[in-house]
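Using the hints, position chain B against chain A.
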Amino acid sequence: MQISKITEEQQIADMLDWALAGKHGLTIQGAGSKAGIGRPVTTEQGLDLSGLTGVEMYEPAELVMKAKAGTKVSEIQSLLRQSEQRLAFDPPDYGPLLGGAAEAGTLGGIFSANLSGAARIKAGSARDHLLGVQGFTGRAQAFQTGSRVMKNVTGYDLCKLVAGSYGTLAIATSLTFKVLPRPEKTRTVLLYDVPLEKAQPIMNRGLSSVHDIAAAAYLPADIAATCDIDYIRGPGKSVLALKIEGPGPSAEFRCTAIREMFEGEGAQEELHGHNSESFWRFVSNASAFAGSERPLWKVSLPPANAATVIAAIRDKAEEADYFLDWGGGLVWVQMPDGLADGGEGLVRGALDGAGHATLIRGSEALRGKIAPFQPQPTAIQKINARIKDGFDPENILNPGRMYEHEDVKVSS
Amino acid sequence: MLMPKPNADVLAKRDALVAGLRRIVADPEGVIDDKDDLRAFECDGLSAYRQLPMIAVLPATVREISDILKYCQAEGVNVVPRGAGTSLSGGALPLADGVLLGLGKFNKILEIDYDNRCVVAQPGVTNLAITDAVKGDGFYYAPDPSSQIACSIGGNVAENSGGVHCLKYGLTTHNLLGIEMVTMDGEIIRLGGKHLDAEGYDLLGVMTGSEGLLGVITEVTVRILRSPEHISAQLIGFPSSEQAGDCVGKIIGAGIIPAGMEMMDRYAIHAAEEFCHAGYPLDVEALLIVELDGPEVEIAHYQTQIDAIAKDCGATVSRISETEEERMTFWAGRKAAFPAVGRISPDYMCMDGTIPRSQLPKVLKRMNELSKQYGLRVANVFHAGDGNLHPLILFDANNPGELEKCEAFGADILKLCVEVGGVLTGEHGVGIEKRDLMGEMFSEEDLKQQQRLKCAFDPDGRLNPGKVFPVLHRCAELGKMHVHNGELPFPDIPRF
Numbered sequence: 001m002q003i004s005k006i007t008e009e010q011q012i013a014d015m016l017d018w019a020l021a022g023k024h025g026l027t028i029q030g031a032g033s034k035a036g037i038g039r040p041v042t043t044e045q046g047l048d049l050s051g052l053t054g055v056e057m058y059e060p061a062e063l064v065m066k067a068k069a070g071t072k073v074s075e076i077q078s079l080l081r082q083s084e085q086r087l088a089f090d091p092p093d094y095g096p097l098l099g100g101a102a103e104a105g106t107l108g109g110i111f112s113a114n115l116s117g118a119a120r121i122k123a124g125s126a127r128d129h130l131l132g133v134q135g136f137t138g139r140a141q142a143f144q145t146g147s148r149v150m151k152n153v154t155g156y157d158l159c160k161l162v163a164g165s166y167g168t169l170a171i172a173t174s175l176t177f178k179v180l181p182r183p184e185k186t187r188t189v190l191l192y193d194v195p196l197e198k199a200q201p202i203m204n205r206g207l208s209s210v211h212d213i214a215a216a217a218y219l220p221a222d223i224a225a226t227c228d229i230d231y232i233r234g235p236g237k238s239v240l241a242l243k244i245e246g247p248g249p250s251a252e253f254r255c256t257a258i259r260e261m262f263e264g265e266g267a268q269e270e271l272h273g274h275n276s277e278s279f280w281r282f283v284s285n286a287s288a289f290a291g292s293e294r295p296l297w298k299v300s301l302p303p304a305n306a307a308t309v310i311a312a313i314r315d316k317a318e319e320a321d322y323f324l325d326w327g328g329g330l331v332w333v334q335m336p337d338g339l340a341d342g343g344e345g346l347v348r349g350a351l352d353g354a355g356h357a358t359l360i361r362g363s364e365a366l367r368g369k370i371a372p373f374q375p376q377p378t379a380i381q382k383i384n385a386r387i388k389d390g391f392d393p394e395n396i397l398n399p400g401r402m403y404e405h406e407d408v409k410v411s412s
Numbered sequence: 001m002l003m004p005k006p007n008a009d010v011l012a013k014r015d016a017l018v019a020g021l022r023r024i025v026a027d028p029e030g031v032i033d034d035k036d037d038l039r040a041f042e043c044d045g046l047s048a049y050r051q052l053p054m055i056a057v058l059p060a061t062v063r064e065i066s067d068i069l070k071y072c073q074a075e076g077v078n079v080v081p082r083g084a085g086t087s088l089s090g091g092a093l094p095l096a097d098g099v100l101l102g103l104g105k106f107n108k109i110l111e112i113d114y115d116n117r118c119v120v121a122q123p124g125v126t127n128l129a130i131t132d133a134v135k136g137d138g139f140y141y142a143p144d145p146s147s148q149i150a151c152s153i154g155g156n157v158a159e160n161s162g163g164v165h166c167l168k169y170g171l172t173t174h175n176l177l178g179i180e181m182v183t184m185d186g187e188i189i190r191l192g193g194k195h196l197d198a199e200g201y202d203l204l205g206v207m208t209g210s211e212g213l214l215g216v217i218t219e220v221t222v223r224i225l226r227s228p229e230h231i232s233a234q235l236i237g238f239p240s241s242e243q244a245g246d247c248v249g250k251i252i253g254a255g256i257i258p259a260g261m262e263m264m265d266r267y268a269i270h271a272a273e274e275f276c277h278a279g280y281p282l283d284v285e286a287l288l289i290v291e292l293d294g295p296e297v298e299i300a301h302y303q304t305q306i307d308a309i310a311k312d313c314g315a316t317v318s319r320i321s322e323t324e325e326e327r328m329t330f331w332a333g334r335k336a337a338f339p340a341v342g343r344i345s346p347d348y349m350c351m352d353g354t355i356p357r358s359q360l361p362k363v364l365k366r367m368n369e370l371s372k373q374y375g376l377r378v379a380n381v382f383h384a385g386d387g388n389l390h391p392l393i394l395f396d397a398n399n400p401g402e403l404e405k406c407e408a409f410g411a412d413i414l415k416l417c418v419e420v421g422g423v424l425t426g427e428h429g430v431g432i433e434k435r436d437l438m439g440e441m442f443s444e445e446d447l448k449q450q451q452r453l454k455c456a457f458d459p460d461g462r463l464n465p466g467k468v469f470p471v472l473h474r475c476a477e478l479g480k481m482h483v484h485n486g487e488l489p490f491p492d493i494p495r496f
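Those sequence lines, one after another, are chains A and B.
UniProt numbering numbers the first residue of the first sequence as 1 and each following residue consecutively.
UniProt numbering numbers the first residue of the second sequence as 1 and each following residue consecutively.
Extracted from the complex, chain A is given alone in its bound form (with noise of 0.2 Å):
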């Protein structure tokens, strides 16, 4: 494949134009380091995003910024960081799970998989920090949507398309989203040795108090075993997580009453400030699965039946590791090696129709095989195929990336 790198957007139109004439597939890409999600995509051209840079606005009393696809993220976090504020989605970094460097990904990248961090569960996610859109669509067609202020339904809110539709839709130049406050401090409550049966409970009982809890999940001691906090590998037990973020005082005071709440429910540690912060990028990041080829899923379902499906899972392959996320709403399965389908029927099979599983990592070979993304049913795939021929009639943008049906023209 040819990749040509962007250093402006009439370059891109330009491509567009070429591409729609010849029906050339482009691919379309920021740092490439989420190239490894999806379906494997053949084309002979592709684009580089990662030159299209800058932050175009920020104003920190207004909480927004808007900034080219193609600046990384971690440059925007460390901006963000000196006036105090962050993005709340806790945007994770996939790079070294899907074996590519840290802090490589783009804000374009991030929104068009529309990936959250361990924050998801009180913060929202990053399609919901999303607030307008500009760049082109499969049609050669400058576009814009959204804008730049919090509330706002003016017409069809086509930022929510754009987020997850990772670059199958349109082409992201420039993307304006939410900001927020850092908390002064954050705090994590830990308990130690608690069964997975009881996990999700004890989680949903502190996110159900009025404490506030911003992100709650779960290791199993094989899991805790792999991080390099003291605290979470030292004592060899499995490990339940309960974060809090607030000024001072507040967290404090959250913290106690947290560990009073459960006191009765094994040991109890606390982590402070880095520790806290470390973890949970440990956690969001699923740090703990980097450095293997294994198929890996990130499994969104009800929180309640995450034992359920996991007893499922290793009721077959006893070998899978996991670990829960957003108070049990979040599964992150590594399946063993040699299952011809990476796990599909298992994983997808156990969710019982609630919730939907995407492969994150796989080989290129697994990837073309099965369905990376939680099949659809038929009047669901029959909009989505109207949707991509509305936006991308001819299926230039990143053909069959997503589903293999994109490839397919439907008739309405």
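There could be a bad hint or two in this list.
Claimed, not checked - Pulled from the structure, derived: some chain B residues nowhere near chain A, Cβ distances all over 10 Å: (1) Asp-15; (2) Ala-19; (3) Glu-42; (4) Leu-191; (5) Glu-199; (6) Ser-240; (7) Ile-320; (8) Glu-324; (9) Lys-365; (10) Met-367; (11) Leu-424; (12) Leu-453.
To be verified - Dumping the calculated DSS-like pairs for lysine-lysine here, alpha-carbon to alpha-carbon at most 30 Å: (13) Lys-122(A) with Lys-168(B); (14) Lys-250(B) with Lys-66(A); (15) Lys-335(B) with Lys-122(A); (16) Lys-135(B) with Lys-122(A); (17) Lys-5(B) with Lys-365(B); (18) Lys-135(B) with Lys-198(A); (19) Lys-362(B) with Lys-66(A); (20) Lys-185(A) with Lys-311(B); (21) Lys-250(B) with Lys-122(A); (22) Lys-66(A) with Lys-198(A); (23) Lys-362(B) with Lys-311(B); (24) Lys-135(B) with Lys-335(B).
Stated by the list, open to error - Chain B residues, not near chain A, derived (Cβ > 10 Å throughout): (25) Asn-7; (26) Thr-316; (27) His-383.
What the hints contain is simulated information worked out from the structure, not anything from laboratory work.
C-beta atoms are modelled at their ideal positions from N, C-alpha and C, and glycine is treated no differently.
Leaving out everything else, chain B in the frame of chain A:
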């Protein structure tokens, strides 16, 4: 306000359509064709515009909805869905040749699921009924539009409703987990559920705020939150709106996200005070209500900071609610601002633009000039935290030409919002009210791209036509594409 021209062929077969719908709807009173009975549906919350529907149907099951839509699709009949009919933008305004689909019978809460912290409800359940169903156990549903006592949760999804607490807790879209819906061709589909995030294209995201143009919502799953431990409100008065606006920016700039932050101008303060004696100071030009929630220690911590900021910004009055009753009184005035203004003027029209907050002084100044120019008074209430303005334009519809003058004034205000970087509507929706202003905010091509989404759900354009989009394009026309030359551009840019 021009609506699509009624289709004479459809009107001519009205009796046959009534008979056809009666075969689908089991309840003999579920199909309404009597003119007097249809009167109940002639308008929504935007009562300046009225239109009798051709027929109204009140289905009782999802199967009936599916069959009605399939039937209307086959017969080439337009359909307007309606929840509680509280839309302030005319989203549920009937069509002369259309079937009005009322969802009032879908009024049951289907499941309260504390293990997954969510509630599953039929679309006709009111917003407040969801909170009422769970508040005994200490939970609530966060979005709280001021019509929450009457507005339906299905309507909230269709309009992506907000409320006074959305700065901290988000809009409907941030609190919605799943829906069941029926498309115009009668397909029943489920989007989302009790889990987070969409897989594939985010159809749930685009359904939210789609104003009844994409599908009929038949079930809603929303997340519920634990009610905060303590809530406290603070009234802060300023000698000028500029100072109040400055204070709002500084509070947020200090890293504080209050649960709610509302602003009222002098006219609104006086109207509200006269109406419900909330104890508002009358010698200020602008009043802020800042609400904080959380543990007492956090509230106290922030209130100390806010006091200092307010003083620094020139506040002349500052009062913290001592009791829950007092907090409710602070809010009573704000929540009654619309009826209070309604009492001192024969008619009023409520606008709904959002602006970048820093533009507030400029917008208020220009609005005062426009008020003089049009000779119509305007009162302002403002969701200050998120920049959502609600100017209330006072007029008397009995004076010939005054409604039109009010519409023109309103349009100027919304154009002004767009001009300063804001939007036409923050939470009330486009409907028919702002339909013809869409071109102020979007290019022709951007509007076409939005309509292509409509085509994906409803290729024949049968659902709620005449709303949101100023020009109705046929889907076939929208699908056409112009292809330029075919040379590979930029031979000189780096290729790897």
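Of all the hints given earlier, name the ones this structure violates by number, lowest first. 4, 5, 11, 12, 17, 22 and 27
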